[in-house]
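Asks: For reference, the chains in residue letters:
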Amino acid sequence: DAGITQSPRHKVTETGTPVTLRCHQTENHRYMYWYRQDPGHGLRLIHYSYGVKDTDKGEVSDGYSVSRSKTEDFLLTLESATSSQTSVYFCAISEVHFVNYGYTFGSGTRLTVV
Amino acid sequence: AQSVTQLGSHVSVSEGALVLLRCNYSSSVPPYLFWYVQYPNQGLQLLLKYTSAATLVKGINGFEAEFKKSETSFHLTKPSAHMSDAAEYFCAVSDGRDNFNKFYFGSGTKLNVKP
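Sequence lines, in order, name chains A and B. In our numbering, each residue carries its 1-based index in the first sequence increased by 34. In our numbering, each residue carries its 1-based index in the second sequence increased by 22.
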């Protein structure tokens, strides 16, 4: 997937526990994004980053935090997992901020909160 | 505000038949429009994009889409479906004003191709 990997690929966790998902890229792209995918909702933006230590909220950011201490890694943390956060999470990267370039997506992390 | 509507969450066609997946957008400024494809257990791949050049856009795997401003549509077509086209397809829009390349996705259309 063009040098973008997500880990873990699958995770089952209990309600109330913290969970961290990792997105790692080898493309040296500046922009990174976290989306969640749910049936009937398509993909919705959670958080994004426009550089090391530079992040901002997307449309569904409640209950999530992110960190980016290195260009190559973008971490998504569910502070206290809830069943409503059961979803497939996708990371995406973009080299430039010009919108016509589109994204490159990772393969996704399937998270189940029980 | 921008939004994307994909009509039909499931579309079924026979192999060799025309594929038509519908996408309508809402944007207050000229949009940038994309179609992505997602195969089972994989991420999304860019199929094609419209960025204010030619209104008829050709993508990979024989797909194309036409931007129609008067209808605010960007429907995806393929003249002859192949079994390998079975996947979920997402339309996405961005107005380009945001410096951080944010896209808004439709809810997706699952394409089933019957032998």
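Hints should not be assumed to be uniformly reliable.
Straight-line Cα separation of at most 30 angstroms, DSSO-like style, residue types lysine-lysine; simulated pairs [what the hints assert, rightly or not]:
no.: 1; chain 1: A; residue 1: 91; chain 2: A; residue 2: 45
no.: 2; chain 1: A; residue 1: 104; chain 2: A; residue 2: 91
no.: 3; chain 1: A; residue 1: 45; chain 2: A; residue 2: 87
no.: 4; chain 1: B; residue 1: 132; chain 2: A; residue 2: 45
no.: 5; chain 1: B; residue 1: 80; chain 2: A; residue 2: 91
no.: 6; chain 1: B; residue 1: 136; chain 2: B; residue 2: 80
Far from chain B, some chain A residues (derived; all Cβ distances over 12 angstroms) [stated by the list, open to error]:
no.: 7; residue: 40
no.: 8; residue: 75
no.: 9; residue: 90
no.: 10; residue: 93
no.: 11; residue: 105
no.: 12; residue: 109
no.: 13; residue: 128
What the hints contain is simulated information worked out from the structure, not anything from laboratory work. Just so it is clear, CB atoms sit at the ideal spot from N, CA and C, and this is done for glycine as well.
Asks: Going back to the hint list, which numbers does this structure go against?
Replies: Violated: hints 5, 7, 8, 9, 10, 13.
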